[in-house]
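There are 2 protein chains.
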Amino acid sequence: MDDPVLLTGAGGRVGQAILRHVGAAFDWRLLDREPLPDAKRPDGVADEDVFVADITDDEAVRDALDGCRAVVHLAGDPRPEAPWDSVLQNNIDGTQTMFEAAVETGVEKFVFASSNHAVGAYETDARTPAMYRPEDEFRLDGTELPRPSNLYGVSKATGEVLGRYYHDHHDISVVNVRIGNLTEGHPPIDYERGQAMWLSYRDCAHLFERCILADYDYEIVYGISDNDRKYYSIERAKAVLGYDPVDNSAEWRADERIDDA
Amino acid sequence: MDDPVLLTGAGGRVGQAILRHVGAAFDWRLLDREPLPDAKRPDGVADEDVFVADITDDEAVRDALDGCRAVVHLAGDPRPEAPWDSVLQNNIDGTQTMFEAAVETGVEKFVFASSNHAVGAYETDARTPAMYRPEDEFRLDGTELPRPSNLYGVSKATGEVLGRYYHDHHDISVVNVRIGNLTEGHPPIDYERGQAMWLSYRDCAHLFERCILADYDYEIVYGISDNDRKYYSIERAKAVLGYDPVDNSAEWRADERIDDA
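As they're listed, the protein sequences go chains P and A. In terms of this note's numbering, the first sequence opens at residue 50 and continues consecutively. In terms of this note's numbering, the second sequence opens at residue 50 and continues consecutively.
Hints should not be assumed to be uniformly reliable.
Some chain A residues flagged as far from chain P (calculated, every beta-carbon gap over 12 Å) [stated by the list, open to error]:
(1) Arg69
(2) Pro84
(3) Pro91
(4) Phe100
(5) Arg128
(6) Glu184
(7) Gly191
(8) Asn230
(9) Thr232
(10) Glu284
Okay, the calculated beta carbon distance ranges per label pair [unchecked claim]:
(11) Thr192(A) - Tyr265(P): 19 to 29 Å
(12) Thr192(A) - Gly155(P): 31 to 41 Å
(13) Glu108(A) - Arg118(P): 47 to 57 Å
(14) Arg182(P) - Asp107(A): 50 to 60 Å
(15) Asp76(P) - Ala299(A): 58 to 68 Å
(16) Arg128(P) - Gly155(A): 49 to 59 Å
(17) Glu108(P) - Asp107(A): 46 to 56 Å
(18) Asp239(P) - Glu193(A): 36 to 46 Å
(19) Ala288(A) - Tyr265(P): 34 to 44 Å
(20) Thr192(A) - Glu153(P): 45 to 55 Å
(21) Glu108(A) - Gly291(P): 50 to 60 Å
(22) Asp112(A) - Asp98(P): 45 to 55 Å
(23) Asp266(P) - Asp112(A): 28 to 38 Å
These aren't lab readings, by the way, just hints derived from the structure by calculation. Glycine included, every Cβ here is placed at the ideal spot set by N, Cα and C.
Please construct the entire structure, taking both the sequences and the accompanying hints into account.
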């Protein structure tokens, strides 16, 4: 069996999407600040592989990472409106703690859950709502400088910069996934922007699976389904990671609320 | 008289270079964590305009900023080898405190002392030492993503992202100056890299003067003299700020150690 993969924030929405669809694909270790009920663990994960810890606790984080080949780091304050003190501690300091522990324990790959909020301010009055529509050709592709929507987005952009530093100086592969709008079952209804950055649960799980399996140096990719409406390019994710999404928000109408689970 | 300009970190090297050469050009307020001796203040600065405060103290910072038209924010841990906890507190949290107070008090311009260390890892083994030489055409121009040399550089890149957020959402003009190698009198001797990113004291003062006077939205510029050796473009600083440097490290030889003061 391959070495395990640590998933932080395992009880959150992205973590649960991953575990639901590719829970059987890896030997997981699961970390969350809250105890993880059985219903949120895939079959076969032993109690000793489930960690209750704060990601700013460097000892606890080292224990959880020791012997892992990769980490998918989702933990943090996920609220776009989170106050500065919380994102400073949970998202910025917490991510630095994770990187430091990952290089100390020899983890080879660090998959960082970044966010569309790192670049939300590209959605200027002059560009919207046109940029949300299928015929519009505006694209962000990961080479642009951050333009955060909020202080949460600042914290995610900082996580990307931390990854750049640790990759350049400590020989760890890093991929940053700027996650779009993850919703279960169907895309947001009557919300063009949400449809443009929609990420289905199964495409999310597949994308993170590819982040664990593919070879790369340092990457910033967008995590959305293959929507007709899009202003995030998924070309880099396809080319480098082998991302092959199956969903498209254009295939759903308001009367088709089918769960993909 | 125009409204005052707050200079944080006034007692440091960059602050002193500015005050020495353009100390008479503005109505200054000076802030430093340490009491500022008379020798470090330009003539005419009243005691009530000199503040001893930590930049993470939001009340003290608001008092110092209240009524200012601009702030030149230099304060922070300046050590490239500074540990994470220090740059997290002094450089990242401190800069956020400054931005928050600046928008609350209606300051119009925020001049942020960023650093060459935000992009130091572009100096790869494959590029150096060729990139330090006059005939080499490699240039960084401020549109590239950060590649920090160290955690200090991560903190400076984060300050730039904070500025992007505050500019986009709070209508404050922001310029980030990625300061090169500031040395007094003459460029570093027998150190190609230092000569390539040399910034003389008088060019430094002139550049920050332009940052206080010019009109701009959000800018990232490089702060170096007009050196023959260069891998940082100064075109943006010239075009947007009206930067017009007079020094060039190529004009100095090891036997010409003349002070520019």
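Consistency of the hints with the structure:
1. Distance to chain P confirms Arg69(A) as a non-interface residue, since its nearest Cβ pair spans about 33 Å, more than 12 Å.
2. Consistency note on Pro84(A): stated as away from chain P, and its beta-carbon is indeed over 12 Å from all of that chain's, at 29 Å minimum.
3. The non-interface label for Pro91(A) is consistent with chain P: the shortest C-beta to C-beta separation is roughly 34 Å, beyond 12 Å.
4. Every C-beta of chain P lies more than 12 Å from that of Phe100(A), the closest at about 23 Å, which supports listing it as non-interface.
5. Non-interface status of Arg128(A) relative to chain P is upheld: no Cβ of that chain comes within 12 Å, the nearest being about 16 Å off.
6. Every CB of chain P lies more than 12 Å from the CB of Glu184(A), the least distance being 26 Å, so the non-interface label holds.
7. Taking the minimum C-beta to C-beta distance to chain P, about 9 Å, the non-interface status of Gly191(A) is violated against the 12 Å cut.
8. The non-interface label for Asn230(A) is consistent with chain P: the shortest C-beta to C-beta separation is roughly 20 Å, beyond 12 Å.
9. Consistency note on Thr232(A): stated as away from chain P, and its beta-carbon is indeed over 12 Å from all of that chain's, at 26 Å minimum.
10. Its beta-carbon lying about 17 Å from the closest one in chain P, Glu284(A) satisfies the requirement of being farther than 12 Å from that chain.
11. Checked against the hint of 19 to 29 Å, the pair Thr192(A) and Tyr265(P) passes, with Cβ atoms roughly 23 Å apart.
12. Taken as a hint, the range 31 to 41 Å holds for the pair Thr192(A) and Gly155(P), whose Cβ atoms sit roughly 35 Å apart.
13. With their beta carbons about 48 Å apart, Glu108(A) and Arg118(P) fall inside the hinted range of 47 to 57 Å.
14. Against the hinted window of 50 to 60 Å, the Cβ-Cβ separation of Arg182(P) and Asp107(A) comes to about 42 Å, which falls outside the hint.
15. Remark: the range hint 58 to 68 Å for Asp76(P) to Ala299(A) is upheld by a beta-carbon distance near 59 Å.
16. At roughly 28 Å, the beta carbons of Arg128(P) and Gly155(A) sit outside the given window of 49 to 59 Å.
17. Between Glu108(P) and Asp107(A), the C-beta spacing of about 32 Å breaks the proposed range 46 to 56 Å.
18. In this structure the hint that Asp239(P) and Glu193(A) lie 36 to 46 Å apart at CB holds, the actual value being about 39 Å.
19. Distance hint for Ala288(A) and Tyr265(P): a CB-CB separation of about 36 Å, consistent with the stated range 34 to 44 Å.
20. Range check, Thr192(A) to Glu153(P): Cβ separation about 34 Å, and the 45 to 55 Å hint is violated.
21. A hinted range of 50 to 60 Å holds for the C-beta pair Glu108(A) and Gly291(P), which are about 53 Å apart.
22. About 52 Å separates the C-beta atoms of Asp112(A) and Asp98(P), a value consistent with the hinted range of 45 to 55 Å.
23. For the pair Asp266(P) and Asp112(A), the beta carbons lie near 47 Å from each other, so the given range of 28 to 38 Å is not met.
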